[in-house]
Every structure is written in C-alpha cells, then in structure tokens.
Amino acid sequence: METRELVHRIEQTFKEGVISASDEGLFPNVLIQAEALKPVISFCVHDSLMRFDFLECLSGMDTGEEMIVIYQLYSTAFSHRLNVKVSIGRHSAKVSSVTGFWRAAAAYELEAAEMFGITFEGHPAPRHLLLPDDWQGHPLRKDYVFPEEYHDIEHRRPPLRKEHARP
Amino acid sequence: MNEPQTLTFNVGPHHSAAIGPFRIKVETDGEMVLAGEPDVGYLHRGIEKVAERMSWTGFMPYTDRVDYLSAIHCNLAYALAVESLAGIAVPPRASCIRVLAGELNRIGSHLLSLGHLAQQLGAGTALLYSLRDREKINNLFEMLCGARLTYSYVRIGGVAADVTEGFIEKTYEFLEYLLPKLKEYHDLLSNNRIFMGRLANVGIVTQAMAVDCGLTGPTLRAAGMKFDVRKNAAYCGYQKFDFNVPTGNGEVGSVGDAFDRYIVRMREIDQAVSIIKQALDALPEGAFSTPLPRLFKAPKGEAYAAVESPRGLFGVYVCSSGEKNPERVRFRTPSFPVLNLFPDILKNVPVSDVATIIGSLDIMVSEVDR
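In the order they appear, the protein sequences are chains A and B.
Residues in the first sequence are numbered consecutively from 1, following our numbering.
Residues in the second sequence are numbered consecutively from 1, following our numbering.
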C-alpha cells in the first residue's frame, strides 16, 4: 500500500486515538495518543493489508514540551513503511511496551527509557543498558544538567562558545 | 556428594570476537553454555547528545565514530538525511564517488570481519592476510581524503574533494590485486573442512528470528531473505549498478548458520568489486559538491535516510527546528538489535562456539553504544 493509504487506514480505524496525520513530506507519520498505542500497533501488525512485521527503529524525542516516541515500521511482505508517533507527557512519561509484538523493541525501549526517562510499562526486563546503573538523570532530555562530578572524577564543561560574529 | 552447580564468568569486555569492548556474562555447566547476557555501554559517548550542541556541518566528524570501520556509510546516511531535509541536489559525480568509496569501505570492513572470525577459530593466518589486504584499502583512502579510518569524506552536498590524481588507476590496480587474493581466502577458509566444521550449524539465526529481532544486513540475508537497502530503497544511484544480493542457502549446514553469514560476506566482496569497477568505468564528469552557505541551517522539519552499511541497515533520523544546530539526530545502527538475540543465541552451545557466534554476527561495539 502507498503511505497515503496506510495513514488513511489508521485514521479511519482509530478516529479518537489519532491526534494528527501527515501523509506527505519527508517523514509521513501518524501521531497518536498514548492510550491508543497498543490497539494501533496491534492493528498494524495483524491487519492483513499492513502486516508490519519489522520494527526498523524506535526512538525517543524531547521537543521541550512533550515526549514523543517514534516507531518506524516496515513490512517485509509488502515492502511498505509507516511511522507512528506517540505523544506522552513530559512529567510522568509513560507508554505501553511493544515488546510483545516485536522482540526488536526490547533493546530500543531500554535505551529510550534511560535516555529520556520514559517508562515502558510491561517491559520484560527493565534495566540500564548503556549508562552505568547509578547514573543520575536522563541525558537526551532537553533539561538535562551535565554532571560535574562522577565517582570523584571531576568534569567541568567549558562554557558554550559564543557565536562568531561573521562579516 | 557434589551438588550440581554452574559457573558464571565473563567473556570480555576485552575480547577479540567483538570489535570494541563488549562483555557477555556466560553461565556454564561444564562445557555447555546455559545462558549469555550481554553488557554494553563501555563505548558510550553520547553522540546523539553531542549532535544537539554542534552545527549541522560540524557534526560530520562525529558520525565517523559511530562505526569507525564503515565511516563512509555513517557519513553518507547523515548527509543523505540532511540533504533530503534541506532539499540539496547532489551532483552525479559526487553520488558516484560516494558509491565507490562506500564499496571500498565495505570490502575493508568485511575483510577485517572475516579475519577476526578466522582468528577466533585459531586460524590466525587469515587475519594477517586480511589485514594485509585491508591495508591497501586504507592506503587508497589516504590517497583519496587523507584519512585512513575516520574519513569525514562525504559531506552535506557532495564529497569533501574530488578524486585525487592517480586514485582511479590505483583502485583498478587494487581490484586486479584483490581478485586472486579472494581465491586465496576461499582456499584457506571456505573450502577448509575444519573451518566448515566449526561454522556449520552453529549459531543458527532463522529468518523469523532475524525479522522479529530487527536484524538486517548479512545476518538477515544469510537467513535467506533478499533484503538490501541498495536494492529495496536505492540511494546514490545504486539502481544503475548491476549487482546481486547473495543470500545464505545452508551449503554446509542449515540456512542462517555462521557459515552462511561468513560466505554471504565473502560473496558481497565479489559484488562490491563489481560495483567499484562499474563506478570507475562510468564516473561522470562535473562538480563533486554543491556549495553550502557559510552558516548552514536546515529548514524546520524531519527526515530519515537509510543506507546499507557492511553490517546492515544504517539509518539516520534528523529533526530540525530551523536553528543552526540539530534538534535531534538519531542513529539506527545495525549492530544494536543484535542484543535482542542474546537470551536465545547462546543457549545450550559449547563454550568453544561462543566466540564463533559472536564473531560471525560481526558486532561493532561503537555502533551499539554510540
């Protein structure tokens, strides 16, 4: 199916859950509400016209106002792709885990969890993946404060370079 | 008298099966491994965070470090994503040089991978051979852009510089040199009964497992699926090149075993040689780059681009708020999803196969951790 048709199919099936959809541009996607995630993903995986069996990428993103999790889906049967975005609050960032649909999600969710402080409810084995177990804060959040010390290792960042005045 | 007990020990973090520090906690009962749990993060540099503080063009050298064995592909994926976001047209000569450099890089990476795999099995000769040949590729790259490993050669809008004088002739010479050497590798490894025996039926990754875990590249192709970004979503004019996508078919064992992964890589080298020849023969004239404004700002929006790196699908997602630095840069790296395989792939295998399995999966730790 064309991306346009895929986006419309999701829009028509989940009228309530869809916040916005863009079917053209460089990154066509469907933005959905956190509650609608599981039904939408289940539909994407099991629907006979979609069959998204491959999770290409799962990324977190902090826009400063909200947290977004981006699911990039691909179907090996039909060679079509769809990007699903889910919008979640910044303060109690919570979203259902999709590890039940693809095992690929397990490692991506661990990474997004520690980098953005998002809780993936139902993840089989939550733990730290890339960061040390005692790391404070979530580095990829926009309000992350760089630590000045870690286990007696001092680290002060130089102030950001002033913008060069260009002629 | 003796209670049955298991022994847990570490493979790594410094272990030559994986390129980079990568620890696997292995639980064994005698000679059998019961479970293997990977621990990564030793090489985490926060490259995605660094991107938020860099200019669009200034971030390019960092992309080299995402996967320093295929730096061209990392450069390329980032450049393609930013170019599509900013609507920059790339001159045909630049695209062709990108293909050329990318395939050279692929040969280099595959050579190192097969050398490391053979070394895990005690065949140290093959590593020396492969390093010897890879050295010639490094020399070519030094000639092309001055760097031997972290090239930053692909830039937004094209490449950093045109091919240097004599590079094309030297590359032809290298291909002439490499073809008989490939036969040497086949004699030394592919047709070696001990090598076959060590790889056959070891570390089988079926197609269903590979797709479920998000694996791409030689691992997925060895499992029998003809998935290659260069064919499925061609970039840089790959549709104009004539090449095959080799897949595994269980020649000496079952489909998707370590031998299939090895042989798929060997055949990809053949294909890369053919692509390089075609690129050299048909290198278009013209500009090698589209000039960018001094203070380049990508317009507001988001874009994603994927390339086929030696290890699989390498994607870059970029999001811009119209400022001079990116809002978000995300790397989708092919080695990262390999972590999902772990509870299964190291279950009930002999200890001696652990290194074979890790080596045949070609895990590049710098791109797992970023």
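It is possible that some hints are incorrect.
[As the list claims (entries may be wrong)] To give a feel for the contact side, a few chain A residues facing chain B, derived at Cβ under 8 Å:
1. Phe27
2. Leu31
3. Met50
4. Ser59
5. Leu140
[Claimed, not checked] Capping the alpha-carbon separation at 25 Å, the derived lysine-lysine pairs in DSS-like fashion look like this:
6. Lys85(A) / Lys142(A)
7. Lys85(A) / Lys300(B)
8. Lys94(A) / Lys170(B)
9. Lys142(A) / Lys297(B)
No lab work stands behind these hints, which were simulated from the structure alone.
Idealized CB from N, CA, C, for every residue including glycine.
Outcome of the hint check:
1. Phe27: Holds - the Cβ of Phe27(A) comes within 8 Å of chain B, reaching about 4 Å at its closest.
2. Leu31: Violated, because the Cβ-Cβ distance from Leu31(A) to chain B comes to roughly 12 Å (cut-off 8 Å).
3. Met50: violated (15 Å)
4. Ser59: holds (4 Å)
5. Leu140: holds (6 Å)
6. Lys85(A) / Lys142(A): holds (19 Å)
7. Lys85(A) / Lys300(B): holds (18 Å)
8. Lys94(A) / Lys170(B): With a Cα-Cα distance of about 56 Å, the restraint between Lys94(A) and Lys170(B) is violated, given a limit of 25 Å.
9. Lys142(A) / Lys297(B): holds (20 Å)
Taken one by one, the earlier hints fail for this structure at numbers 2, 3, 8, listed in ascending order.
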